[in-house]
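Enquirer: What follows is each chain in one-letter form.
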Amino acid sequence: MGTQTANARSRNGHRPDGTLFAATDDAFAEPSADRDRDRAAAEGESNPVARLVNAIAGAVGSRVPVADLDERDPDYIRESLPAQWLLASLWFRGEVRGLGNIPEEGPVLLVGNHSGGNMSPDSLVFTLAFSTYFGVERRFHQLAHNLVLAMPGLGFLRKYGTVAASPENAERALRSGAAVLVYPGGDHEVHRPSWESGTIDFDGRRGFVRLALEHDVPIVPVVSIGGQETALFLNRGEGLSKLLGLDRLLRLKVLPISIAAPWGLNVGDMLGHIPLPAKITVEVLPAIDLREQFGPAPDVDEIYDHVTTTMQETLDALAAERRLPIIG
Amino acid sequence: MRVQAAIDIAAPPALVWDFVTDPARYLHFMNAITRWEVASERPRGCGARYRTLMRVGSAEVGGLVEIVEHDEPRDLAWTSVTGVDQRGRWRLRERADGARTHVELRLQYGVAGAGPLGWVAEQVAAPAVRENLRRSLRELKRQAEHEQARAAVAARRGAAQR
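Same order as they appear, the protein sequences are chains P and C. Sequential numbering of the first sequence, starting at 1, is according to the numbering used here. Sequential numbering of the second sequence, starting at 1001, is according to the numbering used here.
For the record, the hints were derived by calculation from the structure and aren't laboratory data. Each residue gets a CB set at the ideal place from its N, CA and C atoms; glycine is no exception. Check the hints yourself; a few may be wrong.
Some chain P residues close to chain C (C-beta under 7 Å, calculated; not the full set) [to be verified]:
1) W85
2) L86
3) L87
4) G177
5) A178
6) G328
Far from chain P, by Cβ distances over 10 Å, these chain C residues were calculated [to be verified]:
7) G1047
8) A1099
9) A1114
10) R1135
11) R1142
12) H1146
Stretch by stretch, here's where chain C covers chain P in the computed footprint (C-beta under 8 Å, at least three residues) [said to hold, decoys possible]:
13) 91-99
14) 121-133
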């Protein structure tokens, strides 16, 4: 299984048995998940609920496309810029600062905090700003949860350069010289309660640091605010996810509960929601050259603390600028 | 989408021409322009290329442009090489009194293939772009007339000393 899984991962970032692996960079550092999944699969043969979840996992897994960086289509991105611009400018009143901090060329790891549930407007606003600032010709890939890529109607994301979050896909993208956007907090952070909007919460996931060190690329922190005001996020639903076995089969550790348009009470956010028109502000911080700043043999924990602390300070400053929720 | 703005400047065309052909001055007088960098060996003239960005709404929009017409001191036109489609033109015409210059700044922009939403985006962006052009011309007028006044004072002082 181990070899087979490794091969499958190197091919496309999802498993041939249909189960998914992680949304974000916890995929980079959780070997115990394989054991959990195997145990869950075994349980699935006797437990009808687990069988159902297994079947769903299989269906979803089979929809996750093979990762192919060439699916990114600059012409498609360019032609869709006006629509993105309308949404980002009129609905979210997006504001992106500090794009000049991103190195003009070469691979770079953009590390963002993630907000707004499955609709994540911060991604839209930042992707638009990146594409217009550097031009659609510059290679730019975003790592996303397998569920996002498997969802019907969202196949177009692959044309924007979105690939399943996996170490292999991230490495492949960086080796191609691309700028790569990762959200280490992933599903844990994006579904945090609205009253924790001003908190950077990567849940201790340090894979992004190891990735940057391994490929010797700079980290550029990207801090955003406003996404958590696009709905009233109440709870991550971690207990519910565990109860249903989603954490083991889909590595979906959350089943978020929110109040969101047009559903009212929204459990899971699987169908998305209509985000409230909260103002989204994004600030790009200066690039961090890890070996220049932390020496030839840097400590992963020290870098992680530095990145998250710097981002938290910026998020605090952005929060202090905001006068009213949604209005900005 | 085509937007344009015009203004009369109390300075000869040659002086205004110096402003509009000098890439180093663009960040100083062009409103909402956040980048105007030379991207070719030659900084001026036909074939010169610049990386340009203008803040419109939530994005900085622009790309690589190339000078395609350089008719001193009357017309300077550029067209986009990458980025959103754009054509721009400075049109300088000497007024009959010989002391003023009529300056027009034209900008055509869009994204080919963007469909109806592209058309809507162009319409929505037009007032902001037009206002950017107007403010740019007002600032150009202020700076050019200041330069003209400074040159006139220097000339008078030189004549008095002789």
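Enquirer: Please go over all the hints and tell whether each is borne out by the structure.
Expert: Right, here's what the structure says about each hint:
no.: 1; hint: W85; result: holds, 6 Å
no.: 2; hint: L86; result: holds, 5 Å
no.: 3; hint: L87; result: violated, 9 Å
no.: 4; hint: G177; result: violated, 17 Å
no.: 5; hint: A178; result: violated, 17 Å
no.: 6; hint: G328; result: violated, 12 Å
no.: 7; hint: G1047; result: holds, 20 Å
no.: 8; hint: A1099; result: holds, 41 Å
no.: 9; hint: A1114; result: violated, 5 Å
no.: 10; hint: R1135; result: holds, 19 Å
no.: 11; hint: R1142; result: holds, 27 Å
no.: 12; hint: H1146; result: holds, 29 Å
no.: 13; hint: 91-99; result: holds (count 6)
no.: 14; hint: 121-133; result: holds (count 5)
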